[in-house]
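Both chains are sitting in their own frames, so use the hints and assemble them into the complex.
Chains A and B supply the protein sequences, listed in that same order. Anchor point for the first sequence: position 34 equals 34 in our numbering, and the numbering is continuous, going up by one each time. Anchor point for the second sequence: position 130 equals 130 in our numbering, and the numbering is continuous, going up by one each time.
Hints are computed from structural coordinates only; laboratory data are not their basis. Any given hint might turn out to be false.
[To be verified] Lysine to any residue pairs mimicking SDA-like chemistry, simulated, CA-CA at most 25 Å apart:
1. A:LYS138 - A:THR114
2. A:LYS312 - B:ASP118
3. A:LYS138 - A:ALA188
4. B:LYS125 - A:HIS373
5. B:LYS125 - A:PHE362
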Amino acid sequence: MRRVYFDNNATTPLLPEVLEAMQPYFAERFGNASSIHHHGQETRAAVERARESVAALLGCRASEVVFTSGGTESDNLAIFGLVRPGDHVITSTIEHHAVLNSCKHLESLGCEVTRLPVDGRGLVDPDDVRRALRPNTKLITVMMANNETGVLQPVEEIGKIAAEGDVYFHTDGVQAAGKVPIDVKRIACDLLAISGHKMHAPQGVGALYARKGTLLQPLFYGGSHERSRRAGTENVPGIIGLGKAAEVARGALERGDLARMSEMRDRIEKQILSTVEATGVNGAGAPRVPNTTNIYFDYIEGEALVIALDLKGLAVSTGAACSSGAIEPSHVLTAMGLRPDRARASLRFSLGKENTPDEVEFALGLIPSTVAHLRELSPVYNKAALSS
Amino acid sequence: MPDFQTIAVAMSGGVDSSTVAAMLRAEGHQVIGLTMQLWNQRRLAGHPGMPEAVQGRCCSLDDVYDARRVAETLGVPYYVVNHEERFERDVVRPFVEEYLSGRTPIPCSLCNNHLKFDQLLIVAKQIGADALATGHYARVEFDEPRGRWLLKRAADLSKDQTYFLFGLTQEQLSRTLFPLGEMTKPEVRELARGYGLALAEKPDSQEICFVPGGDYKNFLDAYLAESGESLPDTAGELVTTDGEVVGEHHGIHNFTVGQRKGLGVATGSPLYVIQIKGDARQVVVGDQDQLYSRTLRARRINLISVDELREAMRVAVKIRHRHEAAPAIIERTGDDEMLVTFDEPQRAITPGQAAVFYDGDVVVGGGWIV
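In isolation and in its complexed conformation, chain B is listed as follows (with noise of 0.2 Å):
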């Protein structure tokens, strides 16, 4: 790790970022204490569908209260920045849109891309710091041979984090620290409780911040009702591979790949959504065979490990958060483009999420599935 003085550390009110301001105040660090005020919970509040009183996990005033409490324990500076505005622009508003456009979004690497490791760094070194710090579980490493910052897997691979951090840039991770990396979950909590933190046996938290009970329909709903916008009709066709009709829905939104329930069609056999076709409106249905696929495109590429790609690579690739990477082969087919050719079909490759390439524990990179 290099030697700096001044971290900020983005404290979220959890246990794991509460733990890391406490470490390297422990370490001797000047620390400063930062949360993102991202989202206003009461927003969509008494929309249908939408609760009352909105408990959600980020942003919510219970986690600004805590993160606060531990930042006075240790006595540590702590300060809440308002990026709602960033925040709407470049996660919420493309989520919204992902989902109308007939993908699945991962909301948590477009916030780490625009928000923690853009703004709030940018904040973080106006305000005096020489880095960032997060509890993140991932490694950072400077690699002399290549003279590149590396993001690795964390030591826990149960809670490997990285999928969400591969729109990191060499300069992001040049000032990022992820102390937990090398920890398992069990061990944090018991530092934490080594340090008196009352949250050492808070939850963790599961769910997308801004969605409520994980719910994302009846956001988009109360989304676009708040804003004076309605759903738009996207209800179509249900087809088969063969292009045959065989029922209705009421909107693309309302689907992943990969899914079984909720297709409103009777067949003797379990039919799964294999396909989104957002310009036609069209589900496309059908077996659980026909899920499988060997290849992918992806697009809007970040390479971390290598600066660009010459030739064919071969990795192993993860196409969603719980997924066990899969070897296969990277090449570059476009611009901006790579095409993923796995050794193994892969279930349900879905677009608008994330294919992270892995060589080992390092990661080479990653972009969108198209």
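Only chain A is shown next, with the shape it has when bound in the complex (with noise of 0.2 Å):
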């Protein structure tokens, strides 16, 4: 069966020249970065090199540059690494777990947290940060890209506010990195979060820029890695992928090759919201990664609308998945203002880099007349039908 991939938000392939990059850290070139001796010196040099790539992508120094295993922990590390009970944090409603759920520890720890809320677009409006400052506030931490819905926050108008508050200010990047070009000293954030995957290098490592003299609570203890700032033996394979594909990000943003991207998201919701009633886009007036759709298919249910698409051969999702691997009702969504129905009836497409046009023919060949036979079968639908 042939099988499409648009869940690149959740996931991305890892690229073949990622891929070539990393070949030798594996076995060849196998030693401990800490180590003095030749083995040693060779993984030190390729995981500064990959450092700099990384922090060539961000607009920051080397030293600013702290590996880690993923978004989750550079999330954690921002955050735990900072607050102390007593402590204020603002931050919003539509963060990712990492954040939401570590500002849930917050408040059991005795740190106070305001959430705040997203207009119908999905956009926390600079003002009602401001306006959330307390003598206590510590940390600010907005994303910059929705995971869900693509929607890019007003960051750089928050790190103003942060900047005069003297306020830290750390930012989820996740889902921006390699999507929009990224310059930490225009956003004036003191941590921006990355992760490999979501950029087409493995699963496992991630970044954290912390601006120097940020300091910052180790969150496990062990060696002097990562400049005290991460404990642990590097995943140099990893950390080596991430260079490279911190790399190839910066180059496609300078050679603005993710129009293409963009012009592939735009045709999907084009076609879906002419040739689909009842549909429509989530977060669509407000300024979005050009990877990213939520769309609204009202009288179904998203979750059978995802494995009817699968069983098909196209891969997307809806919110997040829990443990169980069933689908969540979305934070994001609720939060946005949408009703319960239509939150669940919404369904993301994110591409990557390696989608073609016709591959987005292929999902819009099936799109349409699954999405009839759901609600052909819907009671909901038959009940909207006749009384209308």
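Printed below as a string of structure tokens:
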């Protein structure tokens, strides 16, 4: 069966050139980057080159990049590395669980958390951030791009407010890295998290930008790796992969390659909205990353549509999956004010570097008939059709 | 069995449904495994009386893991579908409210009616399956002369689950398969071993899936506390059948008809709960003989083998899962009500339970005891 993968916000395939860059570091160049000898020096040099590549993608110094196990660890290191009992934290209602649940845990440790709402387009209002500041506010953490809708938050304005208020600003850049240019100086953030596998590097590696002078309490204790910010022998192949992926992403952004992706995304939206009734784009009015669209199909359960499409070879998703693999109601769409049934009827299509216009046509060939079949069997749709 | 091509199997992670998936696959059907996520087992963890780490039966991650493993072994697609909201609305809430009204509910029947053979069957059809198969011990067949789908007791009467399935409609039955209906449990386990299923020896589940350890009182407390409600005060009097007050009780939800322990009244002869009067908050107690009754009324009737009951009918009626169907006459007494008159008085007829009518092995229908 032909399989098309439109779920790149969940994870991306490893690019061939990334795999190639990683290959020697599994067996041939196996050294521990902390070792004094030749083997150690060889991997140390490679790790530091990777650090420079990541720094170049983010617009920071190499010494400001901390390698981690992924986006979740980067978010946790930023948050728990700074915030202490008694501190106040400002965040939003649409954050990824890595931030959402970290903030929930902060509350149990005796911290105060303000969760800012979003408007119907999925945007945080910077004025709300300003108004939420308190004398004991230690950290603002608002994401760059939302994983479900792709909506880009006004991080530069929030960065200004944080600087004026002399408050740390962390932003989860996991869904933005590689999709839009990132410049930590323009954002004026102190911390920014990225994840390897969302940008065609492998799973199990990520990075945190921590502005020079930002003192982070480490999450775990051991050796003095990563300038004592993250103990544990480096995941060398992963780091090399992340470095290569950052290089590839930077090149693509500089060349404007992502215009092709947004053309494909726009075609998906336009075609679905014009051929399938009772559909719409969630977050349409806001600036968005070029690869993501979140579309509601009224009168269906998104879950059933995801399964039906998967059985026909198209991989898409809805909301976040819980540990059993079942789909949870989306806190993001709910926060945007969508009716619960519409939130459940929403699907995310997220493109990657390797998707082609031909794959878009494959998807567009499947979706209208599959939606029609689901609606035909939906008790809600029949009722709605009868009453209209 | 009709000639279905693609069959969705409701997989719980247990031996029965896993064997069903393996059987249908071996017969050459396209099989899609589905597990319903119905209840978050961690949700009430830590509330007083609830275990810290809940190891409830259904929807536990271990069971999903087992079901996924089986699907992977068989090489069939497998999905977990989330029906937590519907389960809470249609099963858990009514379960709580029934107890608080002095009745003794059966959540499994509600789950079958509202979730498994409703929501899951819809999903199954939506994703391209012609039918839904489950691991229930029961039989479905089409009766040409009557032009109706019949629900029949399992060949192994000791495993028969038709009592929980009386609510199925003709449309649901026409799309349902019970491949284990002709088999005994040991045969199913043998078959599971034959298919190389690692869980062939997994023990059967017994308790209500969302009530860990089977302690429903702790569950009611924790559930209400979680939603910020307090247990309504339903404390009142213990009275005899003559109306004489013999004591007090802390709430009607602590009692079920036929209960003997925990009445807190010391008398010479053993006392039993005869009736719970929800409105008056009274628990009526009496001796063993007073537990027996010849009649009951059932409402919210579903008929299967007949489209309506035009005249009184001689059947056998089961009033709880572990009850031997007793000879009785059923007759319509209202729009959606039936009167059941047993040949012999029956012990502890309990409001909230189902009365299921049998004609031999055939399920005529059933209703809820009021």
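Hints and how they fare:
no.: 1; hint: A:LYS138 - A:THR114; verdict: holds, 12 Å
no.: 2; hint: A:LYS312 - B:ASP118; verdict: holds, 24 Å
no.: 3; hint: A:LYS138 - A:ALA188; verdict: holds, 16 Å
no.: 4; hint: B:LYS125 - A:HIS373; verdict: holds, 9 Å
no.: 5; hint: B:LYS125 - A:PHE362; verdict: holds, 23 Å
When held up to the earlier numbered hints, the structure conflicts with none and fits them all.
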